[in-house]
Amino acid sequence: MSRRFLVAVVVLLVAAAVVVLLPFQLDGYHEGLAAKVAIFFIAVLGLNILTGYTGQISIGHGAFMAIGGYTTAVMSHYHHTNLLLTLPLAFVIAFGFGVIVGIPALRFSGVYLALATFALAVSVPQFALKFSKFFGGSNGIQTSTTPTHLWLYVVSWASAGILFLVAWLVLRGRTGRAFRSIRDSEIAAAASGVTLPIYKTLAFGISAAFAGVAGSLFVLATNGFAQPNEFGVFLSLELLVGAAVAGLGSLWGVLIGAIFIALLPTVSADVPLIGSAHGQDVVFGLIVIGVMLVLPTGFAGLLHRLQALPGVRTAEKEG
Amino acid sequence: MGMKVRMLAAFAGVLVVAAVATTAAFGAHRADPGVTSTSITIGGTFPLTGPASLYKTIPAAEKAYFDYVNDHGGVNGRKINFDILDDAYNPAQTVPLTQQLVEQTKVFAVFGSLGTAPNLSTWGYLNQNKVPQVLIATGDSYWGFSYKKYPWTIGWQPDYPGEGKIYGKYLASTMPSGKIGVLYQNDAFGKNYYAGLRVGLGAKKGNVVSAQSYDPTQTNVTQQILALKAAGADVLVIFAIPTQAITALVTATKVGWAPSATIVGNVSANRLFLLAAAANGANVNGVISTAYTVSSTDPSQANLPGVKLASSIIGQYAPSLVTSLKQGDGNVIYGLGAAWTFVYALQHAGKNPTRASFMAALKSMHNVVDPFNYTGIKMNTSRTDNFPIEQDILMKWAGGASGDWQTFGKLYDGVR
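Protein sequences, first through last, are from chains A and B. 1 is the number of the first residue of the first sequence in the working numbering; add one for each residue after it. 1 is the number of the first residue of the second sequence in the working numbering; add one for each residue after it.
If we strip away everything but chain B, and leave its shape as in the complex, we get:
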């Protein structure tokens, strides 16, 4: 072979080696955005200001949990950086902030974003860009049902229709001849709750003697309460957001109605709301709702590992939330529980997690026990089950204006 040919061959050989080495190098280090060997960056949008700002304790609690995990070595040596952005519950702000998280901050996942409308405004964008939108703080069931079209989206808490179904089952079995009156918000939120109730009642759906709706813009529900009373209902079911739920409870007492059972949807069952209703004259003893997290104020739960862990984590990493925790603000435990689930999925996403492996871990949970969930609740997800928590425990209020919820009975399953 001539000198020229040999040089050419050598050159070609060097090129091939270089190409292979480069590809190998890129292949080995090609990771999803937001993941480095020492950190993983996530972010979410929350109403830190504005009308829904009472939920701002949720991201604060979530951050406290991540700080706790980071102090104990993180997940597979990676610390979790959690970017909390304020969208004031306004989708016009949620969208650019989420785009910022994805395109500027380059997060690994969007975690815990709060609100149905805010999440609806971004789920198309996030799924299109294959960004996980996980453990979002809303009880609507869209996220659970739409896994085929939006595979990167998953919720966490039990959904409203599932919860309504549980109330239906409870009433059908304990008050088979009770006359039920339902107050519900006249939009998708209230209607879905009511539909769930009817499914749960099954053969007993005829027990509903009256269903009165109110406009989300109405804060006075006197007319509806009077109509329910006049229809002869002796069970009052309230599917409303906090303001109207509190008003309904107060109004029912003020018009002299004492139903044999009153049910309030979980969304309005934060201890602080019942205390507010009682302070305004409502008779809240015996009011029933559901819970899926442990309680920080129920003495019978004081020795549960989750309650003790919550107290210790909040005390150390989020001291400003200690008072809320002691008053029974369920949002704090909620935040800890959702964050725990995130960390669990990350731990099971492999040593070098990718967005795909993380979603796979989240969607293949089998009887996973979150310490912040009520005793006995097991999280299950699969390719066709996109609802992590589907169980609830019933609880009844006792102790009047300074009382609290007390859980009773067995765990109910809202499983589809």
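With the rest of the complex left out, here is chain A:
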């Protein structure tokens, strides 16, 4: 077993232990916050698969979160579906939408793809307003039962763990290599026999599915209430920033990125001199600028540099 693998396993075990023991130390309110970190972890993980590993930019993942979130709300509201069951359902439905979006997106790249996904972010929540009778419109739609803080914490982190494993398995295998080759050079990838349309669409689908599950949990964290304003454009931007802070193309920095976007609003709610109304926005902006200047490869990049320090040098390069 390689030393790197051993280190990874130890880190994972420690992280798992922390996650399991934490709820015994935290009160309900903080459990809710910790669950929020897990939710954004899942979403940023999904986005990273698309943007970091496959090189397809998306400023529209809030739309896939909306799809997952509304799936949970609608199924629970009308059919009293078990909340836990709505998660895999959201995964599948969001995957489907991701593939549907991925197909026309094959024609776009760079700025144009960004704009197309941005259009998605703007338009998808509006469907709830248009078909207000079914989706509740601006008065939202409520699940039939609401979970406790503890339930949310356990399910969010369990989902995060499961999906992390799924991401790891997908990315270390053939699919992951195909994704990376597409990111590095589409022409070279195609020349090497990678069927671009299939893998690009697959990347969109998987990425959307992750965001869908995150969206379901997001709605459950909002007392089971789904409403268009929860999935505004800023959410999609937040996810992209979270992915950038995490470091595109690496799974490890994702936790830092998730902590950043999940906890920043709470931590920066009252900023001296700026005041509570805009403190959050200013701090967010400053940190983004700071990270881009100092750590352009995000936290994962920092981890890389630490690994490259003498004494911690390893023979294998990060894949």
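Treat the hints with caution; some may be incorrect.
Straight-line C-alpha distance at most 20 Å; calculated SDA-like pairs for lysine to any residue [to be verified]:
hint	chain 1	residue 1	chain 2	residue 2
1	B	Lys149	A	His77
2	B	Lys130	A	Gly28
3	A	Lys130	B	Pro242
4	B	Lys63	B	Ser320
5	B	Lys191	B	Lys204
6	B	Lys130	A	His77
7	A	Lys130	B	Lys191
8	B	Lys191	A	Leu129
9	B	Lys396	B	Met175
10	B	Lys351	B	Ala60
11	A	Lys133	B	Ile241
12	B	Lys106	A	Leu129
13	A	Lys133	B	Ser213
14	A	Lys130	B	Thr243
15	A	Lys133	B	Thr217
Since the hints were derived computationally from the structure, they do not count as laboratory data. Since the model is a prediction, treat every value here as computed from it, not as a measurement.
Dock chain B against the given chain A, drawing on the hints supplied.
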């Protein structure tokens, strides 16, 4: 008795005394969260940023009123601490912020939170935790009707369907043969307003010759206005949120339609909106709406105690709002009025208020006169009446692009 038994008896006696004393001590000091002998802490969520941020003057005015009350000794010696949190009208932020208020700040009550969706996202949680959710800033009627399932929740302002009913009564009595055209938002908000109108019209509901709806996502309502005009309507009723209401007024003028009466729902009747419509070419003279608060710009109301009090409180405790007040931003008076009602209920909740005694005081108001409410309005609540204000005065716009609302007629009752 032996030495041992005596010691045992004495020990038991001491234990009993200690137990009683402790229970008495806890019993005497057991108070609801957020209340101490010198302060009472409340909080609410408001759109200080985001698309609905024009309402941020409401919590600022409420805080000014509480500061004024605190300077005059507070309520039964307790100063009111009011935590204003920004949820940007996003329920995903309203929920954690409200949980923070309840579980971290441990507020006595959630006061004045703004918005239907934000309040719908938290009323289950608040009622489950028996936290008062009071005098919330929204005109939907859920809070008034659902008192059995959500007994800790109560609104303040007259509700939209009740207001629609008043327009119906007004039209039925003053224009019994008028042909009515209704523009309404195609969701619960607009539909409830329209339903209220039909109830108020009663036997005259057949006077509605056309009802056109628009999607909340549509900002262009030209098609609907043309359809109403083509149907021969000579009364235009607009149940829309500000953007579409202003657009409707402008469009009606631009297509050359001059209905004999135009009614605009109160939610879009802030003086600033009518000025904006006029600035864009709408003919706003004669437009009708309702009011339930005093006006800071109507010269005929300048000597009302509420108007003078508003001016003095804002001038002293919220000078940044003075300009808004002078321009007729109704949100400032709204905030003062809601805060006044909160203080009234707190004053009547006993010397050591509990959440239960506070709710009881709020739900047993009998002909209470809030100085910031329009003259003659009396607030009434009971175990079965969860609507504090159910009266409105009609007002008509005069003076064109630099004009103002002028109240007319008698006070209308939307009482159920």
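Tell me the hint numbers this structure goes against, listed in increasing order.
6, 10 and 12
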